[in-house]
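Sequences listed follow chains A and B, in order.
End of the first sequence = 310 in the numbering used here, gap-free, step of one.
End of the second sequence = 79 in the numbering used here, gap-free, step of one.
It is worth saying that the hints were derived from the structure and are not from the lab.
Keep in mind that the hints are not guaranteed to be accurate.
[Said to hold, decoys possible] Some residues of chain A that are not near chain B, with every Cβ distance over 10 angstroms (derived):
(1) I37
(2) R132
(3) K146
[What the hints assert, rightly or not] Looking from chain B toward chain A, a few residues come up when the C-beta cut is under 10 angstroms (computed):
(4) K5
(5) I7
(6) T11
(7) T13
(8) V15
(9) F16
(10) D26
(11) N27
(12) V29
(13) T33
(14) A37
(15) E38
(16) V66
(17) P71
Just so you know, even glycine gets a beta-carbon here, dropped at the ideal spot from N, CA and C.
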Amino acid sequence: MSKIYDLIIVGAGPAGMTAGVYAARKKLKTLIISKDIGGQASWSSDIENYLGFSMITGPDLVKKFEDHLEEFSEDVELRVSISGINKVSKKGKNFLVETGDGKKEEAKAIIIAGGKVPRELGVKGEKEFLNRGVTYCAWCDGPLFKGKDVAIIGGGNSALDAALNVSKLVKQIYIVNITNELTGDPVMIDKVMDLHHIRIMNNTEIVEIEGDKLVDTLRIKSRDGGLEKDLHVSGVFIEVGSLPATDYLKGFIKLNKNGEIIIDELNSTSVPGVFAAGDITEVVEKQIITAAGEGAKAAIQASIYLAKKQ
Amino acid sequence: MADKKVILYTTPTCVFCKAVKEYFADNKVDYETVDLAEQRDRVQEMVDKSGQMGVPVIDAGGEIIVGFDKPKLDAIFAK
C-alpha cells in the first residue's frame, strides 16, 4: 500500500467507468479496481438503446468508455485484478479494499459498482467442465462451437439471445428450459421459433454434465417424471440469469433479500462514505444507460462527501 | 522472448483477446494469431495445450497462459 486515494471504485463496467470520469472532473485521486473491464456490457452483442449509437456491440461500447476514461489517466488509475475483490473494510476514517491476491489499497471514500455475475445451475459437472464446454457467455465462446451441437440452458431473454447469437455457427441447438414455456419477450421467442435447427425442451431439468476432457453429454430429465435422457452436445451455454456480486460485502453494508446493495436516492449505502451504483444495487432498471447515470450520481455524491470531510 | 514463437488463440467476440492484442502492441511482441472461428481444425491444438476451451490462450514458446493474466504476461514480455 503506497498511498491513500480520495476514492476507490470497485468495478469497471458502465457504472464504475462513468463514476471514474466524474471523479476525475472533480480532481479526485481515484483508483478503479476490477476483475475485468466492461463487466456484463462487454458480453452484450448488439446494443441498440445507448443514446448516440443506433447500434454498437458491447465490446466496442466498452472500448469507447475506456478510451474516454484514459483521457483522465492523470487522476484516475484503472487496475485489472483478475483475482477479484476479497474484502472492503473500515480503517479508522478511511476504507481498505483487498483483492484476491492479498493486496490492499486505502481510500477516503468508496463506490461499489461491481455489477452482477452469471447465476450457476448448481448441477454435477458444471464446475468441472467450465471452459471445457460449459460457458456462461455464448457471445464470447460461441465461435469455438462452430459446426457442433450445443445446449442452451434457460428460457428467458438471455437464453434466447444466446440461441440467436450462435444460430449461424452451430449445427443443432437444444434449448433446455425448466419452466412450462419460454419466458422471454414475444419478439425474441418468434425469432427463435423461426430457426430451423432448434429444439425446445420445456419443463425439463438438468441432471448432470458429462464428458472426458471436454463436455460430450448433457443428461436431462422431464419434470413430468419421465426417464433420464442424454443429449450429445459439445457445448452447454448456461443462461439462467445473474446475481449481484456482493458475497464479500455481507456484514459490511446492508443488502436486500436478493443480495443487492440497499442505497438511497443519493447512492449512499448503510455505511457513510461508501456509495454504490449500477446493477449491484437494488435499483430496478438493469440497463447500461441507467448504470452509467447511477455511476455519475455516485461520483458526485462521493465528491460532496469528501469536501465535507475535509 | 525475441527468439521464441508466440501464438495467440482467439475468437472475434473475445473481449480479453483484444486486451492481449493491445498489450502485445504496447510491448512490441511479434505473434501469430489463430482465429478459432475460422481455423476450426486448430481448436483441438489449443485444447491440448491448455486443457480447456476458454480464449484467449497464449503459447509463449511453450509456456501456456490462459486469459488476460497481466502479471504472467508482464513476467514474460514487459520491458
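Structure-based check of each hint:
no., hint, verdict
1, I37, "7 angstroms, violated"
2, R132, "5 angstroms, violated"
3, K146, "6 angstroms, violated"
4, K5, "23 angstroms, violated"
5, I7, "16 angstroms, violated"
6, T11, "4 angstroms, holds"
7, T13, "5 angstroms, holds"
8, V15, "4 angstroms, holds"
9, F16, "7 angstroms, holds"
10, D26, "13 angstroms, violated"
11, N27, "16 angstroms, violated"
12, V29, "18 angstroms, violated"
13, T33, "14 angstroms, violated"
14, A37, "3 angstroms, holds"
15, E38, "9 angstroms, holds"
16, V66, "8 angstroms, holds"
17, P71, "8 angstroms, holds"
Going down the numbered hints, you'll see the structure goes against 1, 2, 3, 4, 5, 10, 11, 12 and 13, while the others check out.
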